[in-house]
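With chain A's structure known, arrange chain B on it following the hints.
Going down the list, the protein sequences come from chains A and B. Going by this note's numbering, the residue at position 79 of the first sequence is 79; the numbering climbs one at a time, nothing skipped. Going by this note's numbering, the residue at position 214 of the second sequence is 214; the numbering climbs one at a time, nothing skipped.
The set of hints was computed from the structure by calculation and includes no laboratory data. Glycine included, C-beta positions come from ideal geometry on N, C-alpha and C. There may be inaccurate statements among the hints.
To be verified - Here are some of the chain A residues that sit facing chain B, going by a computed Cβ distance under 8 Å:
(1) N51
(2) V94
(3) R110
(4) I113
Unchecked claim - Listed below are several chain B residues computed to face chain A (Cβ distance under 8 Å; list not exhaustive):
(5) P106
(6) T111
(7) E179
(8) A180
(9) N183
(10) L184
(11) G185
(12) W189
(13) Q190
(14) I195
(15) N199
(16) E248
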Amino acid sequence: MTPHIEFRNLSVSYGGKRALGGISLTVPRNTILGIVGPANSGKTTLLKTINRTIEFISAAKVEGEVFVDGEEVRAVESVYALRRRIGMVFPLPVGLPMSVYDNVAYAPRRMGIHNKAELDVIVEQCLRDSVLWDEVKDRLDLLGTRLSGGQQQRLTLARALSLSPEILCLDEFSIAIDPVTTMKIEEVLSRLRERMTIVLVTNLTQQARRMADHVAFINASELVEWGETGQMFSAPVKAITGRYLNGEFG
Amino acid sequence: MREMSNPFAPTAYEQQKARTARVMEYVFLAMGIALIIPMLLIIGVIFVKGWPALSWEYLTANPMRGGAAGGIWGPLIGTFYLTVLCLLIVAPVGIMAGIYLNEYAPDNRLTRAIMIAVTSLAGVPSIVHALFGLGAFVAAMHMNKSLLVAAATLAVMTLPVIITSTREALAAVPRNFREACWNLGATRWQTIRTIVLPNSISGILTGVILVVARAAGETAPIMLTGAVASMWVEDEGWAKFTPYRLDEQFMAMAMHLNSIARDVPGMPESMKFGSALVLLLLILTINSAAVVLRLYLRRRKRW
Numbered sequence: 001m002t003p004h005i006e007f008r009n010l011s012v013s014y015g016g017k018r019a020l021g022g023i024s025l026t027v028p029r030n031t032i033l034g035i036v037g038p039a040n041s042g043k044t045t046l047l048k049t050i051n052r053t054i055e056f057i058s059a060a061k062v063e064g065e066v067f068v069d070g071e072e073v074r075a076v077e078s079v080y081a082l083r084r085r086i087g088m089v090f091p092l093p094v095g096l097p098m099s100v101y102d103n104v105a106y107a108p109r110r111m112g113i114h115n116k117a118e119l120d121v122i123v124e125q126c127l128r129d130s131v132l133w134d135e136v137k138d139r140l141d142l143l144g145t146r147l148s149g150g151q152q153q154r155l156t157l158a159r160a161l162s163l164s165p166e167i168l169c170l171d172e173f174s175i176a177i178d179p180v181t182t183m184k185i186e187e188v189l190s191r192l193r194e195r196m197t198i199v200l201v202t203n204l205t206q207q208a209r210r211m212a213d214h215v216a217f218i219n220a221s222e223l224v225e226w227g228e229t230g231q232m233f234s235a236p237v238k239a240i241t242g243r244y245l246n247g248e249f250g
Numbered sequence: 001m002r003e004m005s006n007p008f009a010p011t012a013y014e015q016q017k018a019r020t021a022r023v024m025e026y027v028f029l030a031m032g033i034a035l036i037i038p039m040l041l042i043i044g045v046i047f048v049k050g051w052p053a054l055s056w057e058y059l060t061a062n063p064m065r066g067g068a069a070g071g072i073w074g075p076l077i078g079t080f081y082l083t084v085l086c087l088l089i090v091a092p093v094g095i096m097a098g099i100y101l102n103e104y105a106p107d108n109r110l111t112r113a114i115m116i117a118v119t120s121l122a123g124v125p126s127i128v129h130a131l132f133g134l135g136a137f138v139a140a141m142h143m144n145k146s147l148l149v150a151a152a153t154l155a156v157m158t159l160p161v162i163i164t165s166t167r168e169a170l171a172a173v174p175r176n177f178r179e180a181c182w183n184l185g186a187t188r189w190q191t192i193r194t195i196v197l198p199n200s201i202s203g204i205l206t207g208v209i210l211v212v213a214r215a216a217g218e219t220a221p222i223m224l225t226g227a228v229a230s231m232w233v234e235d236e237g238w239a240k241f242t243p244y245r246l247d248e249q250f251m252a253m254a255m256h257l258n259s260i261a262r263d264v265p266g267m268p269e270s271m272k273f274g275s276a277l278v279l280l281l282l283i284l285t286i287n288s289a290a291v292v293l294r295l296y297l298r299r300r301k302r303w
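Isolated chain A, as found in the complex (with noise of 0.2 Å):
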């Protein structure tokens, strides 16, 4: 079977600056995969690289391949229609500046869907994916900038479901988040799991081992290993790989 997502040899730089050297990773569909690593190492450059965001840095040189579906990203017929099937959530929340429900409304609206009732039912679907519905569902007129943080995090994740995307990338989406708020967050992303492929970037190593399938280990844009969860935290073949999992470094 096809791998859902596929990196062959990728390296990106900045400007002459190596971000990321020759990563080679597969994530089979319906996976969680969890990217851990110091800051700084190219974690989040592997993520715009999948929906070609990377491109509006204009500096960034991509070298190597990225398949999604075994459709190699720069080769799509429309990059819309490949970012549509991946939702993005980075660790900086961004409340869009219109009320809640168009924020969540904003995606599947330029989609075309202007259907009041279906668009109610995708806004409180994915808020409750999202763990904001009890929050908001009283006051969904309220503007998504006058949130709190850790609200608009969960906004920003309620936006990335909307188009019901088939994987989705979480980078750090728990840095604002409270321990339960993020507990139950991850209790969603298990059985979203059912629906989509996720790629979870995250400091938290405990994360990593609680969700992921798979874990990768970056450090210094290169990749060190990747494996099966289990595997890399009990027995590592390298020997940084099993400090940086044990809280040694990092």
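Chain B alone, transformed into the frame defined by chain A:
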């Protein structure tokens, strides 16, 4: 009695710092006041000397004997049409160019060349723009010196400033908003239409209005391209409101003021100041309209 001394008492060093802070505050305040004194003086003198001349009759009568008698209706409505025409020409071009430069343009040689051109054009003196208008529209394109040509010349003059102010208004919208939309698969235009423009339109429009209001008071560009010191215009009925054709010469406040300020014999001084006062009030009115529009649109801005 060391124990009794106040532990919160400022040290000599802290007192020195506080004094410096106070002095700096007064220096800045003095500069602020120095800035408004000349403005208040100018407005005050014009107001006091020009006020007696102002009347309904003065505003609605056409000038007679080269401005020495009658009113200022012709120049006033000329300036109105000139400003509106200039706005119609420059607003779409300037705003769209600003959107291109801020939202679409890649960082390459062409973009940098355009930016250098825009910045240099903004610094060109108005008389040079006037000569450009004369050369381009009248000499090269064989158009009459006219209302249209003068408005186009003003448009050329204001274009770089409007492009710059539009860019600044757009750049004030956080890049995060755009990236969030792009990540959802929105095209650049969808992002501009749904996020960028709604949140920058107040800045864009006020920029445009302020720049055009400033242009309404310019003399040099219109003097060479179509404005005349005095001419006969229709004084009756509806024609009074449409005294000029697009391809004919016209009167305008700035031009009127320029000519009555020097070479009209036997003209009461209050009428000269009256004209200046009307032009001043006209521009202040346009500027206040910009402020009101900004407040109104700003209320709908959402972050």
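Results for each hint:
With 8 Å as the threshold, the beta carbon of N51 of chain A comes within range of chain B, its nearest partner Cβ sitting at about 7 Å, so the hint holds. Residue-level restraint check for V94 of chain A holds (minimum Cβ-Cβ distance to chain B is 4 Å; threshold 8 Å). Among the interface hints, the one on R110 of chain A holds; its C-beta lies about 5 Å from the nearest C-beta in chain B, closer than the 8 Å criterion. At its closest, the beta carbon of I113 of chain A sits 13 Å from a beta carbon of chain B; the interface hint therefore is violated under the 8 Å criterion.
At its closest, the beta carbon of P106 of chain B sits 7 Å from a beta carbon of chain A; the interface hint therefore holds under the 8 Å criterion. For T111 of chain B, the shortest C-beta to C-beta distance to chain A is roughly 11 Å, which exceeds 8 Å, and the interface hint is violated. Interface restraint check for E179 of chain B: the shortest CB-CB distance to chain A comes to about 7 Å, inside 8 Å, so the restraint holds. This hint holds: A180 of chain B has a C-beta 4 Å from the nearest C-beta of chain A, less than the 8 Å allowed.
Satisfaction of the interface hint for N183 of chain B is found here, the shortest Cβ-Cβ separation to chain A being roughly 4 Å, below the 8 Å cut-off. Look at L184 of chain B: its Cβ gets to within about 4 Å of chain A, closer than 8 Å, so that hint holds up. Nearest Cβ of chain A to the Cβ of G185 of chain B: about 4 Å, under the 8 Å cut. The hint holds. Checking W189 of chain B against chain A by beta carbon gives a least distance of about 11 Å; that is not within 8 Å, so the hint is violated.
The interface hint given for Q190 of chain B holds, since its Cβ lies 5 Å from the closest Cβ of chain A, which is under the 8 Å cut-off. Interface hint at I195 of chain B: satisfied, since its Cβ lies 6 Å from the closest Cβ of chain A, which is below the 8 Å cut-off. Because the beta carbon of N199 of chain B sits about 6 Å from the nearest beta carbon in chain A, less than 8 Å, this interface hint is met. Annotation: E248 of chain B was flagged as interfacial toward chain A, and the flag is violated, the nearest CB pair being 48 Å apart, outside 8 Å.
Checked against the numbered hints given earlier, the structure breaks hints 4, 6, 12 and 16 and satisfies all the rest.
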